[in-house]
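K.L.:
Quick mapping for you: the protein sequence lines, in order, are chains Z and D.
Under our numbering, the letters of the first sequence match residues 366 to 705, in that order.
Under our numbering, the letters of the second sequence match residues 4 to 711, in that order.
To be clear, the hints were calculated from the coordinates, so they are not data collected in a lab.
A portion of the hints provided could be inaccurate.
Subject to a maximum C-alpha distance of 25 Å in a straight line, what follows is the list of computed DMTMM-like cross-link-like pairs (lysine to aspartate or glutamate) [to be verified]:
#, chain 1, residue 1, chain 2, residue 2
1, Z, 480, D, 228
2, D, 12, Z, 577
3, D, 208, D, 235
4, D, 700, Z, 685
5, D, 18, Z, 692
6, D, 75, Z, 502
7, D, 151, D, 228
8, D, 18, Z, 438
9, Z, 515, D, 235
10, D, 145, Z, 456
11, D, 698, Z, 577
12, D, 12, Z, 374
13, D, 700, Z, 455
14, D, 501, D, 459
15, D, 640, Z, 492
16, D, 698, Z, 631
17, D, 640, Z, 456
18, D, 698, Z, 502
19, D, 524, D, 543
20, D, 640, Z, 374
21, D, 640, Z, 502
22, D, 700, Z, 635
23, D, 700, Z, 374
24, D, 156, Z, 417
25, D, 18, Z, 455
26, D, 145, Z, 481
So the chains spell out like this:
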Amino acid sequence: MDISVNTEDYFLAQSSAVHTSDRTLNRLNNPRLSQEAVDSLMENFDDCHSKEKILLMKEYQQQFLQWFFLLREGFNILVYGLGSKRYLIDEFRTRLLDGKNVIVVNGYFPGLTIKEIFNSLTDGILEHSGGFSSPVEQLEFIEQEFTSSKVEAYIIIHNMDGPSLQFSREQEILCRLAAAPGLHVVASTDHINTPLLWDQRKLSQAKFVYFDCTTFAPYSEEISYENSLLVQQSSTLGLASLVHVFASLTFNAKAIFILIAQRQLENNNDTNYHGFPFHELYSDCRDKMLVNSDLTLRAQLTEFKDHKLLRMRRSADGTEVLHIPLENNQLEEFVQKHQE
Amino acid sequence: MATTSSFSKGCFVFKANPQKSGRSPRKKTKKSAIVDTNDDLNASSLFAKSDKSSMEIRLDSYKKIWSATKKKSEEIISDSHKQLLHDVKTFVSENAGTGQSSIPTALISLGVNLPDHAAFFSLLDTTLKTNVSPFVAMLNSKECPSLKNMVLKTIQKLTSCDSIDDEVEKDEEDDEDDVIVPIKPRSKVKTFANLATWYSNVVMKTPLIIILQDLESFGTQQLQDFVLLCRENRVRNKLPIQFIMGIATTVALQQQLHHRTSVCLATKSFQSRPSVVLLNHLIEQLFMKSSVLKLGPRLMQLLLDGFLYHDLSLNSFMMRVHLIIMQHYITLPVSSLCCSVSELKNRIKQLNVTDLDLYRQLPSFMKFIEKNRSKISLLTDDKEFRLFLQKSLEALNTYSKNFSLSCRIIHSLSDGMPDALFGKSLREVYVNLLIGGESEDWEQFLRLLNVSSAHELRTRIEAALTTLKECDSSGSLSDFSTSLVLFSEELLRLEESKKSDAVSSPKSQNVFVPQGKKLDKFELKAQLMATAKQVRTTSEFDEVKSEIITWLNSELASRLKSPSTLVFHEIFYAGSQVQSNWDIVPWMRRQVQPVPRVAISKALSNPASYLGCSCCSLTGQETQVLSSMPDLCIVYKLHTECGRLINLYDWMLSFNAIQKKDDEDDNEEIEPIIQARFIRAVAQLQLLGFIQSSKRKTDHVARLTWGV
Chain Z
366 MDISVNTEDY FLAQSSAVHT SDRTLNRLNN PRLSQEAVDS LMENFDDCHS
416 KEKILLMKEY QQQFLQWFFL LREGFNILVY GLGSKRYLID EFRTRLLDGK
466 NVIVVNGYFP GLTIKEIFNS LTDGILEHSG GFSSPVEQLE FIEQEFTSSK
516 VEAYIIIHNM DGPSLQFSRE QEILCRLAAA PGLHVVASTD HINTPLLWDQ
566 RKLSQAKFVY FDCTTFAPYS EEISYENSLL VQQSSTLGLA SLVHVFASLT
616 FNAKAIFILI AQRQLENNND TNYHGFPFHE LYSDCRDKML VNSDLTLRAQ
666 LTEFKDHKLL RMRRSADGTE VLHIPLENNQ LEEFVQKHQE
Chain D
4 MATTSSFSKG CFVFKANPQK SGRSPRKKTK KSAIVDTNDD LNASSLFAKS
54 DKSSMEIRLD SYKKIWSATK KKSEEIISDS HKQLLHDVKT FVSENAGTGQ
104 SSIPTALISL GVNLPDHAAF FSLLDTTLKT NVSPFVAMLN SKECPSLKNM
154 VLKTIQKLTS CDSIDDEVEK DEEDDEDDVI VPIKPRSKVK TFANLATWYS
204 NVVMKTPLII ILQDLESFGT QQLQDFVLLC RENRVRNKLP IQFIMGIATT
254 VALQQQLHHR TSVCLATKSF QSRPSVVLLN HLIEQLFMKS SVLKLGPRLM
304 QLLLDGFLYH DLSLNSFMMR VHLIIMQHYI TLPVSSLCCS VSELKNRIKQ
354 LNVTDLDLYR QLPSFMKFIE KNRSKISLLT DDKEFRLFLQ KSLEALNTYS
404 KNFSLSCRII HSLSDGMPDA LFGKSLREVY VNLLIGGESE DWEQFLRLLN
454 VSSAHELRTR IEAALTTLKE CDSSGSLSDF STSLVLFSEE LLRLEESKKS
504 DAVSSPKSQN VFVPQGKKLD KFELKAQLMA TAKQVRTTSE FDEVKSEIIT
554 WLNSELASRL KSPSTLVFHE IFYAGSQVQS NWDIVPWMRR QVQPVPRVAI
604 SKALSNPASY LGCSCCSLTG QETQVLSSMP DLCIVYKLHT ECGRLINLYD
654 WMLSFNAIQK KDDEDDNEEI EPIIQARFIR AVAQLQLLGF IQSSKRKTDH
704 VARLTWGV
């Protein structure tokens, strides 16, 4: 297939006004499906192409020996293509790397750190008991060990472009590891812009051999951590946390928050509304005898801010304005509930 | 095996089984971590369609050829750096004293092929350490994020050579014993003041050399501070510090070296040879000399494209050559005969009947049989076929030798011709002829030879003769060179006789203007017409010239036909047209130009191309949406119809509309299962990087790509 990028298209797409309808997901019977609900629904969903997918998988599995041979010859394997490649690589691991030193890194896991990988190598594989004063030192130790001694280990990285690895520094380190003679890397990537992560130097260190393994398998494991992905879910959480925090507030603090919320709702059609100006809020609060000084108001606001219920920023004219980072319909729902 | 998914960690360790006995543990601390490296047997099943012996032969040949190629390429590269290394070495030793206050600095411009620099610097390191001074600190920007690190690293590296010497001595004492992992001795030398004290105790007062590998990547401020610090110490503590800086582009220099920095440096710049020159050299040495495996036209073109238009890196070039050699021997069952001529006879003898059939299936052989019906017995008679095989392969070998030589001859014959017909460098000539350049070029070449003067022609022929003498050690083209010698002598004779002619009759007759008479325009025209009509008398020179050209056309052109015309060329020229399952070119193309994005787009817009199902095959345009396609593809195709922002609700409605059966009524009720499938698909599309959540409008997402 030929993908010709027409640069004009970019400007066309950017210059045209956005024409989309104003309909929202609220029109659905159940606008917010929870993660569990989606999972249980999908469990029973039967996919139509299962036979073809199995055939594809079988075809890729025939390459395993070649992968292994390439790894032994000092190359590293990079698998790309549509669909989760977790199962495929796991199959490779169980079939050919059984009984060898293997480290499996889940790049899609949001809490993953490079330190964890280092520790797995030094503590898990090399059984090194001493500590390290810095990650750099640890990396140098690993490199030295896997270069000079006969120790070998295979590193399997699912989603080398995952959320915690998609930075220059992390990629630099992974490529340095891949360059060590005793370390063999099998990695998979999914994001369409992944190749931008690697410059000449990294590529020449990594010595990747590319394999197109389009499996069409669902990315169920990979997306299970990304709560921002399920647009539906993330906003429910926002509202839930708001209700939670709100319940623990003092009477005055609640009243202040409601003041801001109401003002935001009154202006919800005004595109120029950036937030409630701080000084106006102060005078309003004084009128209602909610605070007695500038400082007490600020103390209250800081608490909101710490719970991420409120955002403070400077507007164009330099005044401080306050904004609640919630969708208007949710805010409305919340205010109504409160007034009841 | 245990599961590798968890909500609390992202790293899982599987330890190797404890080693079997019989292997002496190298290190006490990690006996169990050693893995048996002898896994070659495992690789055996890779070689499909062949018995064990053939597999072993091929594996063996691959290893031999690759290690030879690798060794040679390393030699070539280090050879090509020799001059530069020598110059830098001389510069460093000339400026060994501390007389001048500014720091002697060698700026080495190495070109943009960064991955190749490492090889040069390691050579430089060894050269300096053995010839000039053991105190060399090599730094790159990656290990020096701050000035503090930079100073520490420098000092650590400068002083480390001392401790290494000690260690070696110690190691020698308790030789044979298990060596405990040397824990880096924590050096007490940590500041420049310490360094000065340390240096005053050193016996050899040789310069302290600091090499900055990638000048561009250091922070400007950091670099400035570092340079000032070094200068301060050079002046006050009499430390003979010197710099060697590697630069990729000259532009960066002014930005990187601020005026305040550069006044502290006494710089001299050096230039490495451009990597293209090195590449030419590599190709000449690796593939034009007597190498066993050669690159076929398609692969040669591919590698050159990768090099010239992509990275200019010899490192990646060699990596690709490695892959090609490996793939050739693994994928091609007939590669067991890809060996030197001396081994050929023995190997052909070892072939069994099924092997022979593989050779008979080669396209070039089939073509040969079609053309020569009389040789049809080769298909059945194994003995005859073996002989034929041997004869053809030997002929092929002679052919490729002659081919390279002829390329050299062409190169020296056409050198300096207008338009650089076959290319300026020998590599270009070789590649052009290998690919089977246009015959127009050849004709143009002969035409240009035809209009050249006797002297010019002779110089060209003599140049060709010199090349022949240099390269043709085996004398396979001796009759060729004899003819060339004859021609050149003939030309020389003509030239000399002409000279003597010129001496005897100095007045050359002017055909156009009769002396003493003025011609008007019409008369001149008439005169010119008359001269043109006269038959030009062919001189002796013209005769010789046409003889030379006819000879060249017959002798040289036959040696320069493309290798793909020869029978069994597939065995020696990697990447020739063969049966599709043996063809390594598509695979190599993926390695040189990997296109993960295209693979994803293709799978999304035309899933049938991968799945091979009939239900999803496109009948119309690529934007066609079919309900049988996987959810992800449908959602993707719907999203390409949108602009910058996408309304999630409307998107879901269209998804629903596609999933709905035709007979259902038109209500907009969305079943939960459809909703769940849609959510899944959208989440996956975000993982792939096509969309992103957006705060600009309620329930909208932003599209990150444009066009289709």
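K.L.:
If a hint holds in the structure, say so; if it does not, say that too.
P.N.:
Each hint tested on the structure:
1. Z/480 / D/228: 31 Å, violated
2. D/12 / Z/577: 28 Å, violated
3. D/208 / D/235: 19 Å, holds
4. D/700 / Z/685: Within the cut-off at roughly 24 Å; holds.
5. D/18 / Z/692: Given that 25 Å is the threshold and the Cα spacing comes to 50 Å, the pair is violated.
6. D/75 / Z/502: Violated, because 35 Å separates the two Cα atoms, which is more than 25 Å.
7. D/151 / D/228: Holds, at about 11 Å.
8. D/18 / Z/438: OK: residue 18 of chain D and residue 438 of chain Z at ~22 Å, within 25 Å.
9. Z/515 / D/235: Outside the cut-off at roughly 45 Å; violated.
10. D/145 / Z/456: 36 Å, violated
11. D/698 / Z/577: 35 Å, violated
12. D/12 / Z/374: 43 Å, violated
13. D/700 / Z/455: 41 Å, violated
14. D/501 / D/459: Holds. Residue 501 of chain D to residue 459 of chain D sits at ~15 Å (cutoff 25 Å).
15. D/640 / Z/492: 51 Å, violated
16. D/698 / Z/631: With Cα atoms ~19 Å apart, residue 698 of chain D and residue 631 of chain Z stay inside 25 Å; holds.
17. D/640 / Z/456: 31 Å, violated
18. D/698 / Z/502: Outside the cut-off at roughly 43 Å; violated.
19. D/524 / D/543: Roughly 34 Å separates the two Cα atoms, so the pair is violated.
20. D/640 / Z/374: 17 Å, holds
21. D/640 / Z/502: Between residue 640 of chain D and residue 502 of chain Z the Cα gap is close to 49 Å, so the pair fails against 25 Å, i.e. violated.
22. D/700 / Z/635: Distance of about 13 Å is within 25 Å: holds.
23. D/700 / Z/374: At roughly 23 Å apart (the allowed maximum being 25 Å), residue 374 of chain Z and residue 700 of chain D satisfy the hint.
24. D/156 / Z/417: 56 Å, violated
25. D/18 / Z/455: 16 Å, holds
26. D/145 / Z/481: Roughly 21 Å separates the two Cα atoms, so the pair holds.
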